[in-house]
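Peer 1: Just so you know, the sequences run in chain order R and H. Following my numbering, the residues of the first sequence are numbered contiguously, the last one being 386. Following my numbering, the residues of the second sequence are numbered contiguously, the last one being 384.
One or more of the hints may lead you astray.
List time: in silico DSS-like cross-link candidates among lysine-lysine, alpha-carbon distance up to 30 Å [what the hints assert, rightly or not]:
#1 LYS297(R) - LYS120(R)
#2 LYS54(R) - LYS232(H)
#3 LYS143(R) - LYS97(H)
#4 LYS379(R) - LYS346(H)
#5 LYS120(R) - LYS9(H)
#6 LYS234(R) - LYS197(H)
#7 LYS350(H) - LYS198(R)
#8 LYS281(R) - LYS297(R)
#9 LYS232(H) - LYS198(R)
#10 LYS96(R) - LYS197(H)
#11 LYS301(H) - LYS198(R)
#12 LYS97(H) - LYS234(R)
If you are wondering where the hints come from, they were derived from the structure by calculation, not from laboratory data.
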Amino acid sequence: MKPLNGIIVLDFSQFLAGPSAALRLADLGARVIKIERPGSGDGSRQMKLHNLCSDGDSVLFQTINRNKESYCADLKNPNDFEKIKKLIQKADVMIENFRPGVMKKIGLDYEEVKKINPSIVYGTVTGYGSVGPWVKKPGQDLLVQSLSGLTWLNGNQDQPPTPFALSVADSYTGIHLAEGILACLFRRFTTKTGGYVEVSLLESIIDMQFEVLTTYLNDGHQAPIRSKFNNAHAYLSAPYGIYETSNGYIALAMGSITDLGSYLNSDILQSFTCKEDWFKRRDEIKEILSKILVTDTTQHWLHLLQSHNYWCSDVLSWNQLLAQDSFQSLEFLQTIKRPNGHSFITSRCPISFNFEHLFSSKWAPVLGEDTEKINYEFQL
Amino acid sequence: MKPLENLIVLDFSQFLSAPSAALRLADLGANVIKIERPETGDICRTLYISNCKIDGDSSLFHAINRNKDGITLDLKDINSKTILEKLIQKADIMILNFRPGVSQKLGIDYEHVLTLNPSIIYGEITGYGYTGPWKDLPGQDLLVQSLSGLTWLNGNQDQSPLPFGLSIADMCAGQHLVQGILSALIQREKTKEPSYVQANLLESLLDIQFEVFTTYLNNGYQTPKRSKINNANAYIDAPYGIYETADGYLALAMVSIPYLGTLIGCTKLTNYIDSTKLSEQRDEIKQILADYLKNNTTKHWLSILEPADIWCADVYTWDKLLSSEGFQSLNMIQTVKRKNGTKLLTTRCPITIDGQYFISEKAAPDLGQNNHDYLDL
């Protein structure tokens with residue numbers, strides 16, 4: 007039994023933030039039904055990375071929407087609209103990420119939905135919240151990163167503002183949405199009523215910076231300064247960063263510079279006895295360290311530093327990671343197969359319960375694959 | 008009503024990952040009791056950055072541990088045992104991030120806790136999971152980033168592997184633990200059963216890469232190729248990235264290249280009409296665009312692109328963000344206070360429920376601040 011068995015989720019959302027929250031709920035045991043418009047469905051069905059497509063849908067879409075069912079409905083068609091209202095009566099959760107105002111126009115905003123089903127938990131994702139001058143701006147990951155200040159934390163000092171090279175705003179917002187929905191589902195045992203959960207890409211990407219932003223808010227608004235070399239965190243002292251070796255790279259986390267100096271036999275490093283200099287003269291130290299580490303192999307340095315319990319590691323590519331026993335023992339990959347045989351490999355849910363991983367073999371649905379079944383099952 | 012009102016959480020964890028999970032539970036309404044060792048407490052208290060020390064503790068500690076009570080207990084001292092057991096009996100949730108084996112030594116491993124509290128939700132974060140040769144390695148953020156392949160996605164092609172400039176593995180694992188704990192609470196309402204919930208930094212960091220990682224797993228294990236210029240995602244075609252302008256920067260997301268060329272008057276771009284070639288032409292297109300956008304100001308480009316509904320944005324520093332009306336209307340900053348009057352500013356919980364922000368004035372605890380409230384039970 008999975009924790010959310012018995013919960014029904016209607017997922018009206020598209021692209022990444024909303025659908026990734028629904029995927030998490032599905033992996034935790036909920037039954038997720040994607041509500042898609044006839045003809046085209048979720049816009050990400052045709053959004054391909056590296057032109058990668060399988061059985062008519064992009065692998066990207068299938069990655070985010072596996073373990074769900076698909077129900078086609080034209081929300082502007084009165085007949086379909088009535089069916090959706092009936093479906094909402096049976097649901098525990100609904101998720102949407104339309105631009106603000108769209109659900110109200112359709113007649114499925116929280117106020118209306120609450121009348122149909124007072125115990126529903128309604129989750130909304132926006133780009134920039136529901137008030138203020140940015141409400142109508144496109145809620146796109148890179149744009150939100152760019153407005154959030156985050157790009158000035160990443161990359162080296164001489165580089166332009168550098169975004170995190172993943173859709174981190176979308177993903178983190180999806181995580182927060184799932185949290186809010188789960189919290190309301192729990193509260194429902196006491197209150198017997200649902201709830202309205204709102205998250206936005208901007209608030210979530212600000213939350214991702216909460217540690218360093220809190221520092222900035224209380225240190226007189228000093229702008230963060232990225233390291234000149236091997237930046238890994240604008241606020242941390244040397245040696246924090248990734249260094250080149252004679253045959254690859256090595257990552258060094260927090261640690262004493264003088265200890266490091268003694269392990270590496272470097273008098274210069276050992277002369278940095280004042281801890282404050284490890285931050286103030288960070289770039290100078292990192293440059294000295296770079297020159298030492300490039301003279302021998304990653305394995306040599308790992309062997310030496312790990313014997314002193316210094317925090318360090320190799321720097322792996324995905325190819326190298328996949329070959330590690332440690333990766334394999336996680337059993338982190340699963341193969342998802344459509345009934346017609348088309349399959350792809352993806353990762354599983356990263357949360358485990360009672361030493362059991364959450365696997366699911368349920369594929370990403372073809373558009374409208376479950377419409378008839380659901381019509382029959384719920385007598386729509 | 009806050010969703011987690013009346014729940015008691017014992018937070019035995021340190022640093023960022025698991026304590027940030029406890030913070031989220033606190034903001035959602037739980038009563039979180041941070042349990043620290045006497046005298047030193049959570050090592051994060053002295054992890055000062057930017058020389059920012061507030062009432063004796065680091066700004067990091069304050070940010071991560073606000074809205075919690077704090078008590079000190081020497082878990083190795085036999086005299087603490089009775090109090091500890093009473094606390095565990097009253098708790099709904101425990102959160103830990105010790106190295107493997109430590110909780111057994113301290114007598115707070117899951118098996119033992121179950122004998123005291125058979126419906127406990129026991130949440131744990133490790134570095135690399137509970138099996139395999141890495142399970143005893145230090146679960147530190149940068150090291151996990153380095154092992155996860157993520158550093159080969161970030162920065163430009165000619166750069167060394169570049170980590171994300173934040174402790175993103177810690178934060179994702181913390182939030183995944185919250186998801187697991189909340190699910191276990193829901194299950195417990197029905198089954199009365201306890202749960203042992205685990206997340207680890209490595210899986211959480213791979214999960215945040217799941218879109219592109221899955222692409223890699225299914226395209227014949229092709230190594231991702233970062234852009235030569237202005238990389239923003241190794242898997243997305245031009246113009247995706249941040250570009251320098253005459254007076255600042257401009258972010259451009261997905262848009263048709265010929266259309267973009269027409270709008271900004273860059274005729275070279277109007278030739279890129281074959282969408283099947285866009286992947287291989289990414290860097291040359293980005294170079295043309297980079298050279299062209301330098302010729303005018305950010306404001307100028309935005310005034311052309313925004314009315315055409317092109318996905319674009321200015322690139323803000325925190326200073327600029329904070330002075331913008333868009334940010335201010337979110338009410339994202341709150342003031343927290345210690346009992347002695349010390350005040351500081353921090354951000355609030357990013358989740359809004361029933362139109363209410365979760366705001367709490369309660370600052371991070373002084374070491375042992377609530378001993379009298381709990382230790383005389």
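Peer 1: Compare the structure with each hint and give your call.
Peer 2: Hint by hint, here is what the structure shows:
1. LYS297(R) - LYS120(R): 64 Å, violated
2. LYS54(R) - LYS232(H): 16 Å, holds
3. LYS143(R) - LYS97(H): Violated. LYS143(R) to LYS97(H) sits at ~48 Å, over the 30 Å cutoff.
4. LYS379(R) - LYS346(H): 60 Å, violated
5. LYS120(R) - LYS9(H): Roughly 19 Å separates the two Cα atoms, so the pair holds.
6. LYS234(R) - LYS197(H): 55 Å, violated
7. LYS350(H) - LYS198(R): Roughly 38 Å separates the two Cα atoms, so the pair is violated.
8. LYS281(R) - LYS297(R): 21 Å, holds
9. LYS232(H) - LYS198(R): 51 Å, violated
10. LYS96(R) - LYS197(H): 19 Å, holds
11. LYS301(H) - LYS198(R): Distance of about 58 Å is beyond 30 Å: violated.
12. LYS97(H) - LYS234(R): Violated - the C-alpha atoms of LYS234(R) and LYS97(H) are around 51 Å apart, more than 30 Å.
In summary, the numbered hints that this structure violates are 1, 3, 4, 6, 7, 9, 11, 12.
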